[in-house]
Amino acid sequence: MQSVSSPQLQEATQSLIDNLLASEAFIRYQQAHTHFNADNNARALMDQLSKSQAHLRQMQAKGGVNQAEIDSLRLLQQRVQRNPVIMAYAQSQQEAVNLLREINNEISGLLGVNFATFANHATC
36 MQSVSSPQLQ EATQSLIDNL LASEAFIRYQ QAHTHFNADN NARALMDQLS
86 KSQAHLRQMQ AKGGVNQAEI DSLRLLQQRV QRNPVIMAYA QSQQEAVNLL
136 REINNEISGL LGVNFATFAN HATC
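In the working numbering, each residue carries its 1-based index in the sequence shown increased by 35.
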């Protein structure tokens, strides 16, 4: 399905995209994302954490979580929280999300509807 929009809308959309990509929040996110992807230790820690959380959820669903598994997960979470690359990446993600929320609120205020919800339904 192809959508037809006015040249002014297309220009405004491109301007919004360009400004988002040039914003400090998105520049920091891109830099942190690059550093994270280049850091094998950080990626391995996040992979371990993801697998450990999935395992714990499976064990919890079966009713068989023991304290040693919980303690192991907590230690892994602490290692992740002490990793500066991971924490910078997480912080930059949150800053980018906050910026997008602010923009959504501004657009929503101008339109009189929740823009993110409207845009989400329009792309289904």
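One or more hints might be untrue.
With beta-carbon atoms standing in for the labels, derived distance ranges [said to hold, decoys possible]:
(1) Asn76 / Asn101: 27 to 35 Å
(2) His70 / Leu91: 27 to 35 Å
(3) Arg109 / Thr69: 24 to 32 Å
(4) Ser85 / Ile62: 21 to 29 Å
(5) Ser40 / Gly98: 37 to 45 Å
(6) Arg109 / Arg136: 29 to 37 Å
(7) His70 / Ala96: 33 to 41 Å
(8) Asp53 / Ser143: 31 to 39 Å
(9) Asn139 / Gly98: 40 to 48 Å
(10) Asp53 / Arg92: 39 to 47 Å
Hints are computed from structural coordinates only; laboratory data are not their basis.
Virtual Cβ for every residue (Gly too), placed ideally from N, Cα, C.
Let me make sure I understand: some of the numbered hints might not hold for this structure. Which ones are they, in numerical order? Of the numbered hints given earlier, those the structure breaks are 5, 8, listed in rising order.
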